[in-house]
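Asker: The primary structure of each chain is shown beneath.
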Amino acid sequence: MSTLEIKDLRASVETKEGRKQILNGVNLTIESNTTHAIMGPNGSGKSTLAYTLAGHPKYQVDGGEVLLDGQNLLEMTPDERARAGLFLAMQYPVEVPGVSMTNFLRTAVTAVQGKAPSIRTWTKELSEAMERLRMDPKFAQRSVNEGFSGGEKKRAEVLQLELLRPKFAILDETDSGLDVDALRIVSEGVNRAKENTGMGIMMVTHYTRILKYIKPDVVHVFAHGQVVETGGPELADVLEEEGYDKYLPEGTTESALA
Amino acid sequence: MTSSPEIAMPAADPKDPYAMPALMPSSADRAIRSFDYADFDIPTRKQEDFRYTPVERVEEFFQPFASSDDVTATVGMIDGSALPDTVTVRTASKEETGVPAVGEPADRIEAIEWAAAPSELVIDIRADTPTPVLVDVSGHGLDLAALHIVIVARPHVRADVVIEHTGSARLAEGVEVTAMQGSELSVTSVQEWNDDSKHVGGHRLRIGAEATLRHSVVTLGGDVVRLRMDQDFDGPHAKSDMLGIYFVGAGKHYEHRTMVVHNHPECMSRVIYKGALSGEHAHSTWVGNALIEPTAPGTDSYELNRNLVLTKGAIADSEPNLEIENGNIVGAGHASSVGRFDEEQLFYMESRGVPERQARKLVVHGFFKELVDQVGIPQIDDRIMATLDARLDESVAAPIAEKADDGTANNNENYAHNQEEN
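Sequence order for the protein chains is A and B.
Residues 1 to 258 in the working numbering are what the first sequence spells out, letter by letter.
Residues 1001 to 1422 in the working numbering are what the second sequence spells out, letter by letter.
No lab work stands behind these hints: they were computed from the structure.
Watch out, some of these pointers could steer you wrong.
What the hints assert, rightly or not - Within a straight-line C-alpha distance of at most 30 Å, the following computed DSS-like cross-link-like pairs (lysine-lysine) qualify:
#  : chain 1 : residue 1 : chain 2 : residue 2
1  : A       : Lys115    : B       : Lys1361
2  : B       : Lys1046   : A       : Lys58
3  : A       : Lys58     : B       : Lys1312
4  : B       : Lys1274   : A       : Lys20
5  : A       : Lys115    : B       : Lys1274
6  : A       : Lys20     : A       : Lys58
7  : A       : Lys153    : A       : Lys194
8  : A       : Lys212    : A       : Lys167
9  : A       : Lys138    : B       : Lys1361
10 : A       : Lys167    : B       : Lys1361
11 : B       : Lys1361   : A       : Lys153
12 : B       : Lys1369   : B       : Lys1274
13 : A       : Lys124    : A       : Lys153
14 : A       : Lys138    : B       : Lys1369
15 : A       : Lys167    : A       : Lys7
16 : A       : Lys115    : A       : Lys167
17 : B       : Lys1361   : B       : Lys1274
18 : B       : Lys1274   : A       : Lys124
19 : B       : Lys1312   : A       : Lys16
20 : A       : Lys124    : A       : Lys194
21 : A       : Lys246    : A       : Lys215
22 : B       : Lys1361   : A       : Lys124
23 : A       : Lys115    : A       : Lys153
Claimed, not checked - Under 8 Å between C-beta atoms, here's a sample of chain A residues computed to sit facing chain B:
#  : residue
24 : Ala54
25 : Pro57
26 : Leu74
27 : Thr77
28 : Pro78
29 : Val94
30 : Val99
31 : Thr102
32 : Ala111
33 : Val112
34 : Gln160
To be verified - Take a look, some chain B residues computed to stay more than 10 Å from chain A by CB distance:
#  : residue
35 : Glu1048
36 : Ala1066
37 : Arg1126
38 : Ile1315
All values derive from a computational prediction rather than experimental measurement.
By construction, the Cβ of each residue, glycine as well, lies at the ideal position given by its N, Cα and C atoms.
From just these sequences and the hints, can you work out the full model?
Answerer: Dropping the structure here:
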């Protein structure tokens, strides 16, 4: 049983107009085996929250703590955070030319598990995991994310999630750019990983449609860099009906509907 | 001829050639070619061909010298087996080689090398030779030495030649390569010199009708290495691949200049040079010249240079030059870039648990791997990758100061595939 505690997290980013505060004191606790949806309008800072937790160098932490079973993640480098059990599935996975998926995955699994998996079990595990995500075996030989379609990139993210078996997974807009079939396959992968490992999930999303496939236990509304409301799954239904308008400054509108 | 005042013909002003580009002299007209070094001026940085060269570091090669015995060259097979009877190796006097020289020296360094080399090492490949021939060039000291190697693949012969340079030396080397009609030849020159070594010279390459030459240069060691490659064709439907791999450490200067001359119809050329630089005052230069002459309709030519600057204080010069004198061509393109590690790539891999140094190694590995495979000599693939990895280890073992984005390297992604017709 693990706990991810975010306490009064503040972060900013350097922009052309100077330093801009984006996270304004985020408080959130996620336990193993639970799924939290972070929902909010565009520009509310929910993706910044995801990247700040993973340690992206672009975001400067200005205060607060993030504890994974008591260890402060904010004092760790991104790779140390991953080895501590954090995983970020990115909205826009990065292409790494010349590095094959199979080489990259094996390197990552070796780093996270602390030892190289045996060749025989590894090959079997990889091919089975790829088959479950309906990925062409040829993808293993291709360069990381290079020339992958949007849907293929998201499957490759979930493949890594399944192989790396983190304690907590952050899914950043994992549903974006997916058609219904791909959304189902990707969601099944996430649910399978949760079932197999008992991981906790923080799912960042603008739209409610992914919640039909990955059922949240808790739904948070995120606006101007903070959690402004927390409820059960029924809160997502309210957002679907009413949109984010009431969380936005007066005079602006936005719809939560896909 | 005096001009009539009634007819004002445009005249090119040699002081301002760009005012009248159509009347600019072709580089083929301009280039001096001579066996006599006195025909060339002493190189200075004011000369176009030497503007990136630290001439003071190679000035000993600008004046005639008597070659020492500090460099030896022995020819065998890469797997240690005896030379097969398909390959004839002999030392010939320069006057009586029995095979045509590819061309005359193209700069003073080459002309001095020609004058200083006591003889020619001739490798004549008369029939298909499946195992690569290895020319082992070893340096045993820093007295100036000159070496001239002639490689000939007879018509329709398939063969591979690897020239390996190791040890400590100050060497001027000329290599002449003739791939006769219909042959398929590869020549790979590997520079793994010790840190005190200097190596200058040139490769002159001629490719016969329907022949293929894959010429590769792998420069991983030495203080200064400056090589120019001049290639032309001896008939139509030939193919030229010129590949280059370099890793430049602190204080080193590696310069590769390729000159591809399309002088026959429907030939194809591909120039791909990739390098990484690491450390204070690491300096690389790639100048890729391509000239498509009026006699070469149907030319398909492309050249590419990519540089990965791993640390602050390293400089990569990259300059493609295209000169197209024929409107009836398939393509003439170029791409050139100097860039740093991509922070997003590093973060992506780190976020999967891969430590930063290992992530950097993976990226550099990926940068070179495909090109090393293209060099196509399995017997040296692994060693090249291992040496690159070792160089990279030395590089990342140094304090990582390369995160600054202060623009010491030009991030000058300049990707243009030109289909020029004029």
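Asker: Give a verdict on every hint.
Answerer: Right, here's what the structure says about each hint:
1. Between A/Lys115 and B/Lys1361 the alpha-carbon distance is near 19 Å, which keeps this suggested pair within the 30 Å criterion.
2. Between B/Lys1046 and A/Lys58, the direct Cα distance comes to roughly 44 Å. Violation of the 30 Å bound is thereby established for this hinted pair.
3. Restraint check for A/Lys58 and B/Lys1312: the C-alpha separation of about 20 Å stays at or below 30 Å, so the hint holds.
4. As the CA atoms of B/Lys1274 and A/Lys20 are separated by approximately 39 Å, the hinted pair breaks the 30 Å bound.
5. The hinted pair formed by A/Lys115 and B/Lys1274 fails the criterion: a straight-line CA distance of about 33 Å is larger than 30 Å.
6. With a CA separation close to 12 Å, the supplied pair A/Lys20 and A/Lys58 stays within the 30 Å bound.
7. Our distance criterion of 30 Å between C-alpha atoms is met by A/Lys153 and A/Lys194, whose separation comes to about 20 Å.
8. Taking the CA atoms of A/Lys212 and A/Lys167, the gap is about 23 Å. The hint holds against a cut of 30 Å.
9. Under the criterion of a C-alpha separation no larger than 30 Å, the hint pairing A/Lys138 with B/Lys1361 is consistent with the structure, at around 24 Å.
10. Annotation: proposed proximity of A/Lys167 to B/Lys1361 holds, straight-line Cα distance about 28 Å (limit 30 Å).
11. Our distance criterion of 30 Å between C-alpha atoms is met by B/Lys1361 and A/Lys153, whose separation comes to about 23 Å.
12. The straight-line distance between the Cα atoms of B/Lys1369 and B/Lys1274 is roughly 11 Å, inside the 30 Å bound, and the hint therefore holds.
13. A hinted pair counts as satisfied when its Cα atoms are at most 30 Å apart, and A/Lys124 with A/Lys153 qualifies at roughly 21 Å.
14. In summary, the hint linking A/Lys138 to B/Lys1369 is supported, as the alpha carbons are separated by about 19 Å, within the 30 Å threshold.
15. With a C-alpha separation of about 19 Å, the suggested pairing of A/Lys167 with A/Lys7 holds against the 30 Å cut-off.
16. The suggested pairing of A/Lys115 with A/Lys167 holds, with an alpha-carbon distance near 18 Å, which does not exceed 30 Å.
17. The suggested pairing of B/Lys1361 with B/Lys1274 holds, with an alpha-carbon distance near 16 Å, which does not exceed 30 Å.
18. Restraint check for B/Lys1274 and A/Lys124: not satisfied, since their Cα atoms lie roughly 36 Å apart, outside the 30 Å limit.
19. For the given pair, B/Lys1312 sits about 24 Å from A/Lys16 by alpha-carbon distance, which is consistent with the 30 Å threshold.
20. Annotation: proposed proximity of A/Lys124 to A/Lys194 holds, straight-line Cα distance about 21 Å (limit 30 Å).
21. With a C-alpha separation of about 24 Å, the suggested pair A/Lys246 and A/Lys215 falls inside the 30 Å cut-off, and the hint holds.
22. Restraint check for B/Lys1361 and A/Lys124: satisfied, since their Cα atoms lie roughly 27 Å apart, inside the 30 Å limit.
23. At roughly 26 Å between alpha-carbon atoms, A/Lys115 and A/Lys153 fall within 30 Å of each other, so this suggested pair holds.
24. Nearest Cβ of chain B to the Cβ of A/Ala54: about 5 Å, under the 8 Å cut. The hint holds.
25. Below 8 Å, beta-carbon pairs count as interface contacts, and A/Pro57 has one with chain B at about 7 Å; its hint therefore holds.
26. For A/Leu74, the interface hint is violated, since its Cβ never comes within 8 Å of a Cβ in chain B; the closest pair sits about 15 Å apart.
27. Interface hint status for A/Thr77: upheld, as the beta-carbon distance to the closest one in chain B is roughly 7 Å, under 8 Å.
28. Restraint check, A/Pro78 versus chain B: the minimum CB separation of about 4 Å is within 8 Å; hint holds.
29. Among the interface hints, the one on A/Val94 holds; its C-beta lies about 4 Å from the nearest C-beta in chain B, closer than the 8 Å criterion.
30. Given hint, A/Val99 at the interface with chain B, holds; its Cβ is 4 Å from that chain's nearest Cβ, closer than 8 Å.
31. Given the 8 Å rule on beta carbons, the hint for A/Thr102 is violated: about 12 Å separates it from the nearest Cβ of chain B.
32. Against a cut-off of 8 Å between C-beta atoms, the interface hint on A/Ala111 holds, since the closest Cβ of chain B lies about 4 Å away.
33. Interface hint status for A/Val112: upheld, as the beta-carbon distance to the closest one in chain B is roughly 4 Å, under 8 Å.
34. Look at A/Gln160: its Cβ gets to within about 6 Å of chain B, closer than 8 Å, so that hint holds up.
35. With a closest Cβ-Cβ approach of about 34 Å to chain A, B/Glu1048 is found to remain outside the 10 Å limit, as its non-interface label requires.
36. With a minimum CB-CB distance of about 47 Å to chain A, B/Ala1066 clears the 10 Å threshold, and the non-interface call stands.
37. No beta-carbon of chain A is positioned within 10 Å of the beta-carbon of B/Arg1126; the least distance is around 39 Å.
38. Separation of B/Ile1315 from chain A is adequate, the least Cβ-Cβ distance of about 24 Å exceeding the 10 Å criterion.
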